[in-house]
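Peer 1: From first to last, the protein sequence lines stand for chains B and A. Okay, so the first sequence: first residue is 1 according to the working numbering, each after it adds one. Okay, so the second sequence: first residue is 1 according to the working numbering, each after it adds one.
Among the hints, erroneous ones may be present.
To be verified - Pairs of lysine-lysine, DSS-like flavour, derived with a Cα cap of 30 angstroms: (1) B/K102 / B/K604; (2) B/K477 / B/K184; (3) B/K182 / A/K94; (4) B/K184 / B/K463; (5) A/K29 / B/K182; (6) A/K253 / B/K182; (7) B/K508 / A/K29; (8) B/K639 / B/K351; (9) B/K253 / B/K102; (10) B/K184 / A/K94; (11) A/K94 / B/K351; (12) B/K497 / A/K29; (13) B/K351 / A/K29; (14) B/K31 / B/K477; (15) B/K31 / A/K126; (16) A/K94 / A/K29; (17) A/K29 / B/K35; (18) B/K182 / A/K151; (19) A/K151 / A/K249; (20) A/K29 / B/K542; (21) B/K508 / B/K463.
To be verified - A few chain B positions that, by computed beta-carbon distances, are all more than 12 angstroms from chain A: (22) I12; (23) R383; (24) T471; (25) V475; (26) P499.
Claimed, not checked - Taking beta-carbon pairs under 7 angstroms as the criterion, some of the chain B residues facing chain A (in silico): (27) T51; (28) Q126; (29) G140; (30) S498; (31) A521.
Rather than coming from a laboratory, the hints here were simulated on the basis of the structure. Just so it is clear, CB atoms sit at the ideal spot from N, CA and C, and this is done for glycine as well.
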Amino acid sequence: MILDSKVPSGPIQDAWDNHRFNIQLVNPSNKRRFKIIVVGTGLAGASASATLAELGYEVHAFTYHDSPRRAHSIAAQGGINAAKNSRNDGDSVFRLFYDTVKGGDYRSREANVYRLAQVSNNIIDQMTAQGVPFAREYGGLMANRSFGGAQVSRTFYARGQTGQQLLLGAYQQMMAQVNLGKVKLHTDQEMLEVVLKDGEAAGIVTRDLTNGQVRSHSAHAVVLATGGYGNVFYLSTNAMACNTTAIWRAHRKGALFANPCYTQIHPTCIPQADEFQSKLTLMSESLRNDGRIWVPRSTTETRRARDIPEAERYYYLEEKYPAFGNLVPRDVASRNAKTVVDAGQGVGPLKNGVYLDFATAIGRDGRDAIEERYGNLFEMYERITGEDPYTTPMRIYPASHYTMGGLWVDYNLQTTIPSLYAAGEANFSDHGANRLGASALMQGLADGYFVLPYTIGDSLSAKLGTEPLATDDPVFKEAEKDVNDRTQRFLNIGGTKSPDYYHRELGKIVWEHIGMGRNEAGLTQAISEIKAIREAFWKDVKVLGNGDSLNSSLEKVGRVADFMELGELMARDALDRSESCGGHFREESQTDEGEALRNDDDFKHVSAWEWQGDADTPQIKHKEELEFEYVKLSQRSYK
Amino acid sequence: MSTELNLTLQVWRQPGPDAPGSFVTYEAKGIPDDSSFLEMLDIVNENLIERDVEPIEFPHDCREGICGTCGVMINGRAHGQEKATATCQLHMRKFNDGDTIVIEPWRAAAFPVIKDLIVDRSPMDKIIASGGYIYAPTGTAGEANETLVPKEAAESAMDAAACIGCGACIAACPNSAGQLFTSAKLWHLNSLPQGQPERFQRVESMVHTMEQFFGACTNHGECAEACPKEISLDFIAYMNADYMKSKIKNRAKSAQI
Ligand SMILES: Cc1cc2nc3c(=O)[nH]c(=O)nc-3n(C[C@H](O)[C@H](O)[C@H](O)COP(=O)(O)OP(=O)(O)OC[C@H]3O[C@@H](n4cnc5c(N)ncnc54)[C@H](O)[C@@H]3O)c2cc1C
Ligand code: FES
């Protein structure tokens, strides 16, 4: 299979313009004759649905949530990047592009990233017009801040609730189209199959989560904007329901899955308190601007943090990286936390965290200043841990947060299945091996507002005058039967352990071997362990209740089954990629200073994996070679 | 180290929308006081599954107090007794060993039970669809900084926009009124320069849609007490003022046509 990225030729600055000129358009009066299914109503899905409907298409939007507003995008805190250079600090489209390619450790497609930087400014304009209450300066202009170690202030924010406000903006814009009858909204519907006719996407099969009804929906094109798969780790900062099923089902139908091993572990989350913990809470990265990270030098330390003298504290980031200190990129901060905890220097009752200490900042700026900056975060921390961070240092530890991998898409965001598109975190497109802070919101909205609505016309125009496939076509009936059979199979296993038990066990393997540090022996072991647990799961999982009413165990069990297969592919991908890059750290491949060491000769490519028909036959890898014409390849260094 | 609690739960169980429901008593033993309220329910459910009893269905997703999915009546109060705290943010250290906890779904005629503690809150989306937006199709927007928004206006809009749409206000209200939810969205949009052109249209249609589903407001203030985001009762007053004005403004507008 040849992976054609469809990247336009010519100078990168003109690529997107030229491409828009060259692709097929659909005449305005013909748009209403096309039906488009959008699965997902997060930032990517809601913005796509609203925009496609405004353009005139008939849109059907699906979400498993009871309201589109509950998509996981709602939880993003920090902000959204744009290249407005509104601080006059030297930012530009080119700099945002450059930072993103470099931050992704040279494993993304230049043309896509350039386009992302180009449309970033339109997103802020669009969202402001939508009524998003971005933070303002006293003069009434937009405020922004530097975020995640960026050297310019390009992050726009709405308190600590940027994702919430952006999602509400996109959701409201979509609801206006629902009111006009242009978007038909299907809530509480989980997509469980993508349906193909003659190799092309023809629709989806869904299950109504409130009553179990299984239905087919057909369309001229299907968009998956179904979010990331960070919950493969079980414990993550993602919402409980986030899962891989939509993109995994598409993968099983032939869509290539790109770079599954590229996952991001966020350094500042509250450590696990006990075995029953269900999720980890992110503490905003902005805390690293003022907090100092340390652990006791001694592994047998028992004193309270306050009573440990300066000389016996190990400020490991400040010592190892004098230039960046506590503001090193996420992957570096995370890995170093793991190193000290593994060495037995961890803090807290389970010795599974590091301190993030505000004493110096409070001494310097006063308690009020710190309260103004981080008051709501401190409150949230205290609510969860029962400890007061003004007087006791916070305890933090890395957790799974974001997945850069996803369905392979070309420049049009089309997957390897014609007429099937992927947008937002669900695709692999723009972040390479590591995502910069405040860039996921930007990418989701870029895809949904400014890319997909144009590029989708290219494949649609050829279908003018055709009707969507009838839902009584045998391909739909077969897919419905598959969904029903799978439901029955789960209900019939009658084993001994809950889906959560198996999810937890899977998560332990993924975290241990495909987490912050990876090596050949561990990955090989992970593959066999996951296989074993997958086999046990299919014999021993227990799902009570029935298939015709709300049954969250049944929802869960299908998602866990797909996570098992995905986990195995992650391990294979990580094993195959014997270099380190961004969030993928192969212990065998590091510099003398312990930094990720790339191998550009052998791995300057996207690994896109093709399903081979069943879970026991390993996927086959296809390569998309990456070219770097505008950003020179170099070794990252944060010393 | 965390200590462990032994609790008695009385939980509303209802197999489906049309089936009768009732309270069922469960013992919740060995609950770490570090766990959240929902993790306590997770533990109870794991035990139920072990004993082949169908687990309790409860609403949740982000478990960070932002998605608005969670929400149950805890000892008769929406989201429990802690102020400004969504159910998922409530921690067991706020309870005592030996406590009995009564857990029910949101109670409101417009929120029918789907199963156990999960209700249908779709009328809230209908209120938004009827006008809770600024009509600005993609691509039409000018440069964001061309419209200045005073810092105070942005902050005040944000106070209102912080609503998570959980429905606690409606569940807490003796009349099941939707005023706090609706007025929060109205103030968010009506207080911003971008929201002015549709301001009076918006208030009229949102209030009318609200009245189709929810009861009348008689100023009890239970809504604001229950609100996990401390949305202010003031917004209701602003909404009422705008609604009065809309009667004149919208009529004047239609007379011009
Ligand atoms: C705690 C946290 C903080 C973050 N902070 C930031 C930040 O400050 N800045 C930043 O840029 N990024 C941040 N991110 C990342 C960012 O929020 C996400 O990457 C982004 O919002 C994903 O948007 P999305 O539209 O792709 O997917 P989502 O918002 O996850 O939406 C997925 C949608 O798909 C639906 N769906 C999924 N599967 C199915 C199915 N099978 N059937 C039907 N519907 C389905 C869901 O119902 C939902 O509507 C943060 C992430 C987390 C976890
Ligand atoms: S689960 Fe999201 S607000 Fe409680």
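Peer 1: Which of the stated hints cannot be reconciled with the structure, identified by number in ascending sequence?
Peer 2: 3, 5, 9, 10, 17, 18, 21, 23, 26, 31
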